[in-house]
Amino acid sequence: MYVKFDLNALCKKVLDEKLKEQGLKYRLLNFGEVEFYESFTQEQHKIFKKNLEEYGIEIIESQKVALVQKIKDTIVGLVFSKEAVTVKASIYISEKLNHSYGYLSNLFSEVTHTSIENFIIIQKIERSKDLIIRNKQSLTEIAHKLNYSSVAHLSTQFKNTTGITPSQFQKIMLKKRKFQSIINNINVA
Amino acid sequence: MTKEYLSVIVVEEDEGTQIFFKNIFADLKIKTKVLFFSNGKDGVDYLMKEDALVPEVLFMNYDFPEKNSLELIDQVKENFRYNKMTTVLYSECLSEHEIEEIFVKGINVFMKKQNNYSNLKKAVTEIITVNWQYYTSVLNKENFIMKV
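Each protein sequence line maps, in turn, to chains A and B.
According to my numbering, the stretch in the first sequence is residues 383 to 571, in order.
According to my numbering, the stretch in the second sequence is residues 7 to 154, in order.
No lab work stands behind these hints, which were simulated from the structure alone.
Because the structure is a prediction, the values reported are computed rather than measured.
Think of the CB as a built atom: it goes at the ideal place given N, C-alpha and C, for glycine as much as any other residue.
Honestly, I wouldn't trust all of these hints.
What the hints assert, rightly or not - List of simulated lysine-lysine pairs, DSS-like, C-alpha gap at most 25 Å:
1. A:558 x B:147
2. A:553 x B:90
3. B:111 x A:560
4. B:83 x A:557
5. A:452 x B:147
6. A:560 x B:147
7. A:558 x B:118
8. A:395 x B:147
9. B:147 x A:394
10. B:90 x B:73
11. A:557 x B:147
12. B:153 x A:560
13. B:90 x A:386
14. B:153 x A:557
15. B:147 x A:518
16. A:558 x B:90
17. A:560 x B:127
18. A:560 x B:90
19. B:153 x A:541
20. A:541 x B:147
21. B:47 x B:35
22. B:37 x A:446
23. B:90 x A:541
24. B:127 x A:541
25. A:557 x B:90
26. B:153 x A:553
27. B:118 x A:553
As the list claims (entries may be wrong) - Computed footprint of chain B on chain A; a stretch qualifies when at least three of its residues, placed anywhere within it, have a C-beta under 8 Å from a C-beta of chain B:
28. 495 to 507
29. 510 to 519
30. 550 to 561
Stated by the list, open to error - The calculated label-pair distances, taken between Cβ atoms and stated as ranges, are:
31. B:19 x A:552: 29 to 37 Å
32. B:90 x A:464: 27 to 35 Å
33. A:416 x B:69: 45 to 53 Å
34. A:435 x B:52: 20 to 28 Å
35. A:522 x B:39: 38 to 46 Å
36. B:32 x A:464: 29 to 37 Å
37. B:52 x A:500: 28 to 36 Å
38. A:569 x B:37: 36 to 44 Å
39. A:469 x B:84: 44 to 52 Å
40. B:52 x A:392: 29 to 37 Å
Using the sequences plus the hints, can you model the full thing?
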């Protein structure tokens with residue numbers, strides 16, 4: 383059985399519960415931003431941070447890091463959106479975040495050691511991996527969905543990023559799943 | 007805050023290759039803290055300890071004379087603490103079929119071992135850069151397979 387989950391909804395729910403537990407007045411905004419209606423003590427901050435760590439949620443302190451996180455979230459939203467987005471990524475990002483693309487691009491490279499363009503490629507390949515494993519769409523359909531001009535373009539980018547071809551990837555992942563389920567059965571028995 | 011560096015463990019017998027690795031890691035833009043072990047047994051003994059540091063990336067030579075490196079990694083991975091660790095195996099020559107097998111068994115990265123410093127540097131840099139992205143962004147480790 384495979385399950386699919388909405389990370390965003392999940393995290394919001396956890397945040398909501400943890401904040402309520404501490405009796406803080408707040409408002410959840412987009413992009414994981416929390417606005418507080420009242421200030422809280424250093425001690426409260428510490429407890430809150432610790433509570434969230436259990437769930438792999440961390441408080442981002444620096445403005446720069448927070449903005450980079452927004453860029454990443456925007457890219458993920460763009461790449462994983464249901465409808466194909468036809469607007470250029472650079473325009474989309476800078477309009478959405480209200481900063482010039484040059485500024486965002488420099489900041490991104492400085493903090494993440496990679497370029498926005500590269501990060502978009504990584505995310506697109508991630509999504510294509512996901513779709514390839516589901517095996518519901520042909521590679522041509524996947525290429526179209528992810529805005530590649532051709533299936534060859536997707537294949538080349540896939541190979542350049544991972545070192546293997548999409549079909550090799552599919553074959554390996556199928557075998558890997560079979561292998562893991564055998565191991566799990568042995569452990570259960 | 008996420009820490010600002012990657013912890014790395016390298017298990018490599020050959021001293022010359024260890025020095026290559028040391029210099030490469032020192033040169034990277036992404037900060038790393040690296041521990042070296044000269045044989046598979048020492049490396050695994052360390053990782054099996056309760057208070058062992060859990061590295062983000064483990065580099066291991068595939069060709070150990072005394073023990074099979076896949077078995078060693080299996081042994082380590084039995085401990086759930088190492089679920090998130092990226093495993094990199096490298097070797098001078100493995101057939102396509104053998105490479106496929108190591109991916110099936112759960113290894114994330116296969117690196118063709120380069121004897122030339124600048125080629126090795128290129129490969130290691132690529133691996134660390136991708137790992138940095140996996141570490142700092144939410145990417146699905148299950149699907150992480152890479153051949154360099």
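Between residue 153 of chain B and residue 560 of chain A, does the CA-CA distance stay at or below 25 Å?
holds, 21 Å
Range hint 29 to 37 Å: satisfied by the CB atoms of residue 19 of chain B and residue 552 of chain A?
holds, 35 Å
Taken at face value, is the distance from the CA of residue 394 of chain A to the CA of residue 147 of chain B at most 25 Å?
The given pair, whose Cα atoms are some 23 Å apart, holds under the 25 Å limit.
Given the hint that residue 90 of chain B pairs with residue 386 of chain A, does the C-alpha gap stay at or below 25 Å?
This hinted pair holds, its Cα atoms lying about 20 Å apart.
Pair hint residue 558 of chain A and residue 90 of chain B, alpha-carbon separation not exceeding 25 Å
holds, 17 Å
Given the hint that residue 153 of chain B pairs with residue 541 of chain A, does the C-alpha gap stay at or below 25 Å?
holds, 9 Å
Agreement of residue 452 of chain A and residue 147 of chain B with the hint, judged by alpha carbon distance not exceeding 25 Å:
Within the cut-off at roughly 22 Å; holds.
Take the C-beta atom of residue 435 of chain A and the C-beta atom of residue 52 of chain B, compute their distance, and say whether it sits inside 20 to 28 Å.
Roughly 26 Å apart at Cβ, these two residues keep to the hinted range, so it holds.
If you draw a straight line from the CA of residue 153 of chain B to the CA of residue 553 of chain A, is it 25 Å or shorter?
Given pair residue 153 of chain B, residue 553 of chain A holds - Cα atoms ~15 Å apart, limit 25 Å.
Straight-line alpha-carbon gap residue 558 of chain A to residue 118 of chain B, limit 25 Å:
holds, 21 Å
Does 29 to 37 Å hold as the CB distance between residue 32 of chain B and residue 464 of chain A, or does it fail?
With a Cβ separation near 45 Å, residue 32 of chain B and residue 464 of chain A fall outside 29 to 37 Å, so the hint is violated.
Tell me whether the statement that chain B covers the stretch 495 to 507 of chain A is true, taking a Cβ distance below 8 Å and needing three residues at minimum.
holds (count 4)
The structure does not agree with the numbered hints 17, 21 and 36 stated previously, though it agrees with the rest.
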